[in-house]
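K.L.:
One-letter residues, chain by chain:
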Amino acid sequence: MSRDNEGMRRPDRVAEIFDAEWEARARKTLELSGFDPDLAIEVARDALRVVTGDIDEDQFHARHHKAYVEEFEVDDRPRLFSSEEPAEAEPAPEPAMETEPEASPDAPEGEKNGRGVLSRRAAIGLAGGGAAALFLGDLLQAPMGAAGNDNPAGAGRGGDTPAGADTQDAASGSDRKVRMGMVIDLSKCEKLLMCAGGCKSGNGLPDGVHWIHTQAFQEPDRGDDIHYLVKNCQHCYNAPCVMVCPTTARHRREDGLVLTDYDLCFGCRYCQVSCPYGVNFFGWADPELHGGGYTGKRTDYRGKNVAGAPPTGMMGKCTFAVQRQESEATRGSTYCSSSCPNGVIHFGDINDPESEPLQYLRQRLNETQGQLSTFRLLEDLGTEPSIIFIGQEPSKNAEPVDGPRVHEEWGFVEERRSLLEGPEPWFKRIFGRD
Amino acid sequence: MTGENRTDAILRPIKERPSWRYYALLAVAIVGLIWFLQAWVFQLRNGMIVADIGDWGVGGGIPWGLYVGSFIWWVGIAHGGIIISAAVRLFGLDTYKPIARMAELLTLVALSVAALYILVHMGRPDRVVTSILPNLPTTIQSSPLAWDVTVITLYFVLTATYLGLTIREDLYAIRNRLPKVFSPIYSVMLVGYRPEEQPKIDRMAWWLALAVIILAPLFLHGGVIPWLFALLPGNPIWFGAAQGPQFLTIALSSALGSVIVMAYIFRRAYDWEHVIPDSVFAGLARWLALFAMLFLWLQIQKIVTGLSMAPAAIATGTEATAREPLYWAAIILIHVAVGYFALQMLFPSLFSVGRTVIAAALPVVATLLEKFIFVLEGLMYPVFRLHGGVPGSYAPTWVEISSVIGAFSIVLLFFLLVSRVIPLVEVEVHES
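The listed protein sequences correspond, in order, to chains R and Y. Take the numbering used here: the final residue in the first sequence is number 649, and no numbers are missing along the way. Take the numbering used here: the final residue in the second sequence is number 1228, and no numbers are missing along the way.
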């Protein structure tokens, strides 16, 4: 069965423990059984990989399913992802990957490379199990179900219709609402901070204000790999900041953008305190004091004063470049997405299966044969973020590190507090002169 | 002491010429207030940058600091104050009647100072009415801050009405003895008063006291105020069902302590040994000991559970609290007070008003420290810690410290002025 799994193989301790000598002994014993010794050896190694934590149980069962059926005509081991799959919906010997004609219009990339689109179950099977797989299934089935039908994200889980059929339903459904969001591919990020630069100039942000910030981090005890987290406002569907705002200044627009109305905000900073992501940046002083200042159009199509760096005494944060969504020419892109040379940031309607971010997600899913780690940040808090990350999710133990590049290298001040020094008071000027 | 002599004593602050000490205190209060106002103007002109608060997360700062810590402390005193006064009326605790009105007045001024702190804390205080009021029907459904503003306003109205109703009888009884200079004030306060209405007024005051005693501990300082913090998703050490009881014990401790200190100051200043007898101090000290002990008990719950097998984020926050010297300073101060009050109860010969007042001042200071640390630690140790700037740091600037000076100056000024206009102790018309 190794032929199905070349992509998953990597040098590991398993090869050291179950070495050639062991294999020779095992083969000798196995040949007496009359069954396929290759399969047995491979299964034994994978079983050890489960113990060492290199793969999880779901992957283990998924790997050898086909070979089991070939060899024994039945696979009685725990069904693939049995906890989520209704038993009657799954004929056992079905191959993991299949072409689904009704799905193909939704997936040009899939057809391009001759693979067809993944069924939901196949996506699960290949995605390495766990929450990421469930999430992908959910995404492809009825993306971000929350908007429009009061269906909290994730409520679509457990359905068993193929991806394409459902997304078509969702797309043609009259109650489908636009929900602007992002797919951010962390695996392509190199912390070039072009996103931050684009955002800063586009919105007139003062120094030290990072509406989009890139944090390098390491996972202790899991090697020296450096990962990046590109973090801007998550434009949560269930945003704590919107809920706690005592003035309705912080609000969610009908297209999912979470914005601050600069005509209402009185600067209590409750939104900042309530946001678990730490993405709010207050107008502590005149933005021009620290190299900022927004001169573009402030109002959106509703006439609300929402664009650009906040004036003094008000709260600001990522607006998904709301001013660019005003005109046809610039709609569908943000300063950060258009200035990233690595194509990390993909902005669009994540309720529309044909949108650029979702097409990108499917493409990456196909490229990696479903082996794609995706997550939404702090999803367990129930905030229903509108940003889908591809890449390494920071664990609770993740440690921030400088990484190969620091903000200062690119002319940015990372810690804003170092700039927040008020002017000298009059008594210091008078008494501190001599 | 006859009722008439007692009334004379109560009217002493109104009738007698102020001493030089009075003027000295008045000067201190005015200078303190002016100092605060110029600091606030400095902040209004330059932005909140003149405070040390900053953006949390990447920014390495803390968005709420001394202003919010002070706000909840003053609100606590306000709530505790009126609970004392309402309890006196509802439960017939006549021993404490002499301090009831002081507690009510303290409530009014402490609430005003708390409201002022909200304004000082805001980036655009000029918008407070225009932004909140029109949107209240929407925000009231989900914003703890909107609940807060609503309930505190309701509470202010209840307290002021209560005070107004109970004071009219007194003013009417002594109307001929009040200074002519302030007669316009008295005539406004007495507008439409008829002695026959008194039974009705007493009834209304009783119902108001009942409303206050239900509202203040259960829904305000054991409800909306702790919910300002406990309902947020990202700050683990603010979370928890014990936050309400904890806030309430803190409020009652700080309020009882302040009332004891205040009653002592007036007793000293106006020779009120017979108006506010020793028994009032001994009794209030017992109540203070009880609530301070409950405060310690809840702190033990927090520390023991937080440092044992708590979820990671809560453990981090609790550890940080446990490493904070100011926190332990607060806990030790409360221990000293509770210990002294316990000894005093065991050995009544130990009792002295002076020592009681000193011990009562300790929880007042300790609760301010605790509030300050509570706000800071919650923000410094959020659930998501993957930022270069977490935990942030914070040290109040001169502008922020000026606000504390200003707040005390306002309270001092309020009592200096009010004590010359209305009797600070109920005259007990029925008895005299």
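Each hint should be verified, as a subset may be incorrect.
Said to hold, decoys possible - Derived Cβ-Cβ restraints for the label pairs, each shown as a range: (1) R:Asp595 with Y:Thr926: 32 to 40 Å; (2) R:Thr545 with Y:Gln937: 34 to 42 Å; (3) Y:Leu822 with R:Glu469: 39 to 47 Å; (4) Y:Gln1097 with R:Arg437: 32 to 40 Å.
Derived by calculation from the structure, the hints in this document are not laboratory data. Glycine included, C-beta positions come from ideal geometry on N, C-alpha and C.
K.L.:
Is 32 to 40 Å a correct range for the gap between the Cβ atoms of R:Asp595 and Y:Thr926?
P.N.:
Because 38 Å falls inside the window, the suggested range holds.
K.L.:
CB of R:Thr545 to CB of Y:Gln937, is that within 34 to 42 Å?
P.N.:
35 Å, holds
K.L.:
Taking 32 to 40 Å as the stated bounds, is the beta-carbon spacing between Y:Gln1097 and R:Arg437 within them?
P.N.:
Given a distance of about 36 Å, which is inside 32 to 40 Å, the answer is holds.
K.L.:
Does the Cβ-Cβ separation between Y:Leu822 and R:Glu469 fall within 39 to 47 Å?
P.N.:
58 Å, violated
In this structure, only the earlier hint numbered 3 is contradicted, and the remaining ones agree with it.
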